[in-house]
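Protein chains: 2
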Amino acid sequence: MSEQNPLDLPEGDPFGPHNLPYGVFSPAGSATGSATGSAPGAAPGSAASDGRRVGVRIGSYVLDAGAAAAALGSPYVSLLAQPTLGPLLAAGRRTWSDVRRALTAWVTVPAHRDAVRPLLHPLSDVTLHLPFEVADYVDFYASEHHASNLGRMFRPDAPTPLTPNWKHLPIGYHGRSGTVVVSGTDVVRPTGQRKTPADTAPVFGPSTKLDIEAEVGFVVGAPSTLGTPVPLTDFREHVFGLCLLNDWSARDLQAWEYVPLGPFLGKSFATSVSAWITPLEALDAARVAPPARTEPLLPYLDDSAESVADEPGGYDLRITVSLNGHVISEPPFSTVYWTAAQQLTHMTVNGASLRTGDLYGSGTVSGPSPEQFGSLIELTWNGRDPLELPDGKRTFLEDGDVVTMTAWAPGPGGTRVGLGEVTGRIAATRG
Amino acid sequence: MSEQNPLDLPEGDPFGPHNLPYGVFSPAGSATGSATGSAPGAAPGSAASDGRRVGVRIGSYVLDAGAAAAALGSPYVSLLAQPTLGPLLAAGRRTWSDVRRALTAWVTVPAHRDAVRPLLHPLSDVTLHLPFEVADYVDFYASEHHASNLGRMFRPDAPTPLTPNWKHLPIGYHGRSGTVVVSGTDVVRPTGQRKTPADTAPVFGPSTKLDIEAEVGFVVGAPSTLGTPVPLTDFREHVFGLCLLNDWSARDLQAWEYVPLGPFLGKSFATSVSAWITPLEALDAARVAPPARTEPLLPYLDDSAESVADEPGGYDLRITVSLNGHVISEPPFSTVYWTAAQQLTHMTVNGASLRTGDLYGSGTVSGPSPEQFGSLIELTWNGRDPLELPDGKRTFLEDGDVVTMTAWAPGPGGTRVGLGEVTGRIAATRG
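Chains A and B, in that order, are what the protein sequence lines are. Numbering of the first sequence is given in my numbering, commencing with residue 2 and proceeding in unit increments. Numbering of the second sequence is given in my numbering, commencing with residue 2 and proceeding in unit increments.
Just chain A, same shape as in the assembly (with noise of 0.2 Å):
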């Protein structure tokens, strides 16, 4: 053909074939709902009477991979041509390696590219979708800077920032699954109960400290037995792939209600994921030994020994947090000291099963330096330090803000792995 093919990229592109991460979309003019028709509690049926199929990002383009299977005769039609990334996600390791190799080759080999050509939709003609159906969300607390910065705060008479267990087990909670959205959700500001020492009584109204957490979530394909530990070893035969994951939270609803029994509402209201799933395997050129332990590990979560060493557990993932267009911060997630094959294997050392579509957040990515943190409530040390931003002040988030994060890891031959965006704006309060 005379015309360009899309496939040809730009040398560097970070969607390169070395990515090709999966998500879940509607072609243009088949979607009969909107960005946000993903809702939880939509009805049955719903995913597929919006035409929404799995697709392949590849450059500023969308495979049709259900349909790219399907006209190569391949035999993962079943688990493409889907309106989810469901059976996929379940097909386990092996499966996983031998998919990608296939849409490797159908976006790399001539002949299959311009088999595949017909199905490549630009990105900015179609619908995002949540790609996969979120079964148990939790968020772990993995960054030692991001702990630190709030122990310093909220214990500054405590002998130390962390707590007694922080360096013994990965701490971690779970979270609302119904209500993890996609990126280009718009986020509600939340509303409930708030009572600083200087009130009397609680307060009720719209949350004054809306905030972000940059974090990096884990995506479980494979299942496990219900009481039967999954170990270290195991990470790669259950964990899928990773997503940006913006954690939004109302730090007054959380500092009023997280005494006993840990974070609820204020955090509930919203998780935002990015669109697109990076497979594992485009990353292997981003894995890195996590940072040194300064406590003895416990041998379950021991990642020192050299069955394991030799896979290290830390991932580059270099993420740029912005606020209204304007780069506010740039976590490190190498920095993070629990790798998530710790967390895998912690979250399950009590015999608790994995499903297909569980999902695991880092906890907030923060580095050591200021401009490495990944929250407000770091960034403006809880408001005392207000950013200056070329369109004003800000401590916490305002009604009408947009919050982007993106990332990316090394790659194979010195290319560039690109993550999918995580973006939402601030919506007001509804009524």
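Honestly, the hints are just simulated from the structure, not real lab data. Do not take every clue at face value.
Given that identical chains are not distinguished, each listed pair holds provided it fits within a single copy or across any two copies.
Said to hold, decoys possible - No more than 25 Å apart at the CA atoms, straight line, and that leaves these computed lysine-lysine pairs for DSS-like:
| no. | residue 1 | residue 2 |
| --- | --- | --- |
| 1 | K394 | K210 |
| 2 | K168 | K196 |
| 3 | K394 | K168 |
| 4 | K210 | K196 |
Quantities reported herein were computed from a predicted structural model and do not represent experimental measurements.
Assemble chain B onto chain A, guided by the hints.
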């Protein structure tokens, strides 16, 4: 017919036509799995392959509700001829009433009774399953007596046993929905970290303080919209029914992990629910006013307003807890401070949405007297005062122990409404 009809129940049967709880069962011979076949992470299609279907309990029989609907030409066949309660739950309050009215007729009107008689299965012949897919699971902490007991035990020097927020909001947290199991499922003793003040480092091993929590679980049917709170008056538009719930707890794991983000592995290994969901409509005669409020409530939680108070928010459920067949406690649900309606409203006041299948527990139900405490940690005062049972002393649970909870509520005209039992046996940690 000359034989006695199983629908001719003995007078006073707590599972008479005034009750009619819903469940999901497999008839004898059709189940391919065991009683634990409803394990999380089961492959898609496994539900259908073991013949599971919606059942309604009547006396000691189960009516195949979908088959009855088909036999009688009911329009509700599409809701009832299903392997899960999901479609019925999603149908909403008006339909719940209509279906219940139809079912009542099928088991009471002579012509219908004859028609459905062949569709009755003895309870002892069927396998009962988790009756719906649990979406989000939230556990509250709504019993003042329970929270006060724990405060006295763990914060003996605090000015009051309750935390300052306790009387202002129903404290809750998200639990693991993927490990909610049906009554009868063995509970494998969890393993994990614990550290007492006497230990210099954390110790790893099977929990030595495995406990129960006697609770009532509420099942959400109709979903709500993200960003829009659900008011107190809409409780019965969303909540379909209730069940008994045992929130198994490993007190030693919980004590070491829970500061600052709340319980995690100390709870997430298993939560058992009764196989039968009692519709709220069956419990109208059991409604009672909740305990007097001793602190003023913010308007969104205030259930003293006339529009709310004519539907009292408490339920007079009398729970019995047995350990290896010996009654160890009789917690009265009517003493719980926060109502299920207040819990639902609080859970959504920040805009968090509800999904069909959301489950929330009341928290441990403890009455004011020691023989009404709903957990072993209270009954034995954290192991100080062992229970003297005919088969030996108990502080916390031992392998092989069987815990069973039953309950009943006042029904119309002096009847009793029985709740389905929730039972579980402790299995040894897997080697």
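**Report entry** Structure versus earlier hints, numbers of those that do not hold, lowest first
**Finding:** 3
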